[in-house]
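In the order they appear, the protein sequences are chains A and B. For the first sequence, position 391 (counting from the first letter as 1) is numbered 391 according to our numbering, and the numbering increases by one without interruption. For the second sequence, position 571 (counting from the first letter as 1) is numbered 571 according to our numbering, and the numbering increases by one without interruption.
Among the clues, some could well be false.
These stretches of chain B come out as covered by chain A in the derived footprint (C-beta under 8 Å, 3 or more residues) [unchecked claim]:
1. 459-465
2. 531-541
Okay, derived cross-link-like pairs now, DSSO-like style, lysine-lysine, Cα gap no bigger than 30 Å in a straight line [unchecked claim]:
3. K181(A) with K131(B)
4. K282(B) with K131(A)
5. K181(A) with K282(B)
6. K134(A) with K286(B)
7. K282(B) with K286(A)
8. K564(B) with K564(A)
9. K181(B) with K131(A)
10. K555(B) with K133(A)
11. K564(B) with K555(A)
12. K282(A) with K181(B)
13. K19(B) with K6(B)
14. K6(B) with K286(A)
15. K555(B) with K555(A)
16. K134(A) with K181(B)
17. K286(A) with K555(B)
18. K131(A) with K286(B)
Just so you know, these hints were derived from the structure itself, not from any lab. Think of the CB as a built atom: it goes at the ideal place given N, C-alpha and C, for glycine as much as any other residue.
There are 2 protein chains.
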Amino acid sequence: MNLFLKRLGLLRKSMKKSKINVYLIPSADPHLGEYIPDFWRIIHWLTGFTGSAATVVVTDKFAGLWTDSRYFIQAEEQLRDTGVTLMKPVNDNTPDLNTWIKDNTPEGGKVGLDGRLFSITRYRSLAASSKDKKIRIVTGSDLITDLWVDRPLMPEFMAFDHDIKYTGITSKEKIDRVREKMRSEGLDYHLLTSPDDIMWLLNIRGRDVKYSPILLSFALIGADQVLLFADEKKIPFKMASGFDKLNIVLLPYEEVTGILSNLNPGSSLLISPSSTSTALYKSVAKGIQVREDISIVARMKSIKNKTEIANIDKVMVKDGVALTRFFYWLERNTGKDSISELKLTSQLEVFRSEQENYLGPSFSTIAAFNEHGALPHYNVTTYSDSKIKGSGLLLVDSGGQYLDGTTDITRTIAIGRATAQQKRDFTLVLKGMINLALARFPYGTRGVQLDILARRPLWEHGLNYGHGTGHGVGFCLNVHEGPQSIGPGANPDSRNVIEPGMLISNEPAIYREGEYGIRTENLILCYEDEETEFGQFLSFETVSLCYIDKKLIDKSLLEPFEIKWMNDYHAEVYDKLCPYLTADEKEWLFLKTRAF
Amino acid sequence: MNLFLKRLGLLRKSMKKSKINVYLIPSADPHLGEYIPDFWRIIHWLTGFTGSAATVVVTDKFAGLWTDSRYFIQAEEQLRDTGVTLMKPVNDNTPDLNTWIKDNTPEGGKVGLDGRLFSITRYRSLAASSKDKKIRIVTGSDLITDLWVDRPLMPEFMAFDHDIKYTGITSKEKIDRVREKMRSEGLDYHLLTSPDDIMWLLNIRGRDVKYSPILLSFALIGADQVLLFADEKKIPFKMASGFDKLNIVLLPYEEVTGILSNLNPGSSLLISPSSTSTALYKSVAKGIQVREDISIVARMKSIKNKTEIANIDKVMVKDGVALTRFFYWLERNTGKDSISELKLTSQLEVFRSEQENYLGPSFSTIAAFNEHGALPHYNVTTYSDSKIKGSGLLLVDSGGQYLDGTTDITRTIAIGRATAQQKRDFTLVLKGMINLALARFPYGTRGVQLDILARRPLWEHGLNYGHGTGHGVGFCLNVHEGPQSIGPGANPDSRNVIEPGMLISNEPAIYREGEYGIRTENLILCYEDEETEFGQFLSFETVSLCYIDKKLIDKSLLEPFEIKWMNDYHAEVYDKLCPYLTADEKEWLFLKTRAF
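Turn these sequences into a full structure, and let the hints guide you.
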């Protein structure tokens, strides 16, 4: 019997002892963010699956893994002989997870889960769907700790200060602004559960997860004190004494539940239901007036200040230089046997890491050739690695974490000859990207209203893409950041308008299954344009700097204003990157960016 | 003491007797629709105000009337010496109605209202805002019936059948479809409170209100019977015997509450909270499982069937002929002393009533010259009537009820010379209208996504308009019909997508306060376009037929595809209306619609 079957058997024994019919394991940590430390990769330990998003469901007779389509190939391979079945909701009529749980738990049965790893929102949705069958959800059920004997340790990297030359505003000023907002809303306490909120507020960073410079921590903001719950060993002495001055009290990470259960009755507490775990929620003392909303910090940090914006402009030049070198290197090496998707991923990292203040990738690089490009979130693995050979389209979506900002950019380039259909598709995507970049709109406009600008050229040809058009981007923080977004179903909250200072991705695409994918992505920054008697109008500035492959453009499909945008953008790319390039690279970029 | 002061005094005496601190009077009837019979025009009786939308609030010392800006001029005049103050929420920092009520009711005080005239939604919002001050809302408080001795009678017009040649589907089939939906959702009963839902379901019409051919009625759909609550005198014998065959039971209008209070415990009942009165809601028997949602009928009737669509095409020709005659007549008479906004309104009605199957206007005609056009919902009164003289813009928004459909159309024309700014504004509005008319989008798209197509040309010039872009339109029913709409904040319900068969207005605009207003409105009908591997795509067909004033177009602002749309549209208008016009009218329309 292999390792995974053995672990599954032990888990089932444990379930039987606790009289649990169905046990749930999510890919999450207690902060419910996108990236988690190895300590919390329970699914990897139990099944060998290495993808970043999944839920495993175990019953006495069955074990299934739910994930999304980008991981299907890889999951089929990795789950072989583990006793765990890959569930594909869309392809083969597998019901969605909550329905499956309801259908496969006996009337009045018990579902077990670790309440630290499920948000209130997720728990409520599960509870609602299980209600009819009177299913009990046991949220204090951690069956893993006892079984996982060789569990990785929690990361022990030290936190570090994020200098005022990057942040622009002191931590004191940020805390004051949050407290002012709390007062105006009659709030006594505000719980922060997302580490990126805490990093922004305290002007610190950490290295606890792979793609975001965060320190895993909770914080409770009160009228006088800020309680910071974190591993004390990771806080340098100088940082700690800075905390003292601001009345930031450092407490052990685990004590957050104790503190929440001892708040003064009658106080009001703000929490964010999508990023607060069920366990934390349940620990809040009785008699506390809990208000649920997105965190005050999340709204504040989504609006970049002048210093941050000046840094972002600089970081875009560095990132553009790394990308230019990468594509130059690729063009000179295409066709060589060593050039595969995995090689591209590592080579791009080499070029980025030559740049000043570089911390690491901001997400797992997508380097996808031909049919792999049709999987929007394709992650190359040794199972899937393709050589870059012959003709086709190569899609590269990547980003970097720098002390002075976070990047996220996608380019699709032609390898060899491109077909007429590829050019038409590429040009329609480009038109969408340009039209969104040129948007002008009154204050109060939401992302759902703007989305069609990027899709309209595709829709006119009966094409579309199945994901949103834009997400917020952090500042030396999460590459996916709220509350803003641009998409067809995005943001029912009418307060989530696009505001000056917001950094957003602009990434229309098209995916032809089994053939290729095309995505062109720049980051755009919202700024205040003209004010008229009809209101304050806003516009976007495109800040990402990298050439767009002209070989793939069918110029006959572009309007004059779109051609002008292309030529202006290329001139800017060349002018801004030039000072940092070698003569050869410059000459190459000159041709790539020459007006057409 | 005048009549109104006397009535107000009597109401206050009555309030004192009932220990009511604040009494609320809405402009509503128990069906909570847009148009109400004279019997329910309590505000007119109490204050003399004739506008169609208002709420009056009376305390022992104060009486205020809340209405919207279109009625401000008229309300100032009509409320003089009545003891009632006009409240203008926007202009002079008057708080919104609910806040005012909270602020002006003593702690623990009593607010009285007639629960038949307040929707559940409205009642809940009032209750929520009054909660902090422990204000009691007495919803059974009808203080008017006893005071209003010379109250108008309820209308006594007979209902009439809406022929299958118009409706396309029998009442039996419609009821079957609703029951099928009810079964699939596990519903025992469905209460219909909006008369237009009932008219559609039973293929009948009435004449109880001014602008919509409805019979005031409620209906309760069960598994075997439909109970129709209406004034029995208004149902012709033949209609009643038709009802018998379908197991539609006619009951007195007032008995709806009694029936609701006697439903079998444990049954499930669907009601629509925005169109169901608090009184009806409170009458529902205990133990009934009440579900709240938009009515099943509202969704069904929003999608026009083939017969209805064929009729709509015919009605557009008739309406277009009437409008063509009207504008031809106007051009020949402009400058004459008799030509005023009021005269236009009555003359347009003359031309429409010459058309076959015409029942009356579908809303109060807006004929607004120059600065009056800047009030989006301007209704001419003897107080405001303007002569059409000199130069300027005339905005005419009107519609008709025909047995074979409902129309709603706006044209803005130049009287004398137009300025460059007027032409630019007009052309930008036109561009918006054309771009929405040409939209192509996948199934599942909502109105909030499409709205920007109509606004973008305006936004690019720092212009905007403060209302939605489109509303649904009934079929020989309400000119404003849900659930679909096109607007920046429209329809948080993600099910409210634009579906094939929906008839929607397309009416971008611009309003320059004190100067003029421009609005161009056509009705557009959604149809199934191409199906591709990316889904089923939908498009609109513009169905309204009336020339657009070329004198106001700045052609240099139009793209080639927009000019093509204009010329194609004008050719269609000319071709379709021609057969019904005199030689003079034809010649005139030829010039108005000639390609440019």
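(request) If any of the earlier hints don't hold here, list their numbers in rising order. (result) Of the numbered hints given earlier, those the structure breaks are 5, 7, 10, 12, 14, 17, listed in rising order.
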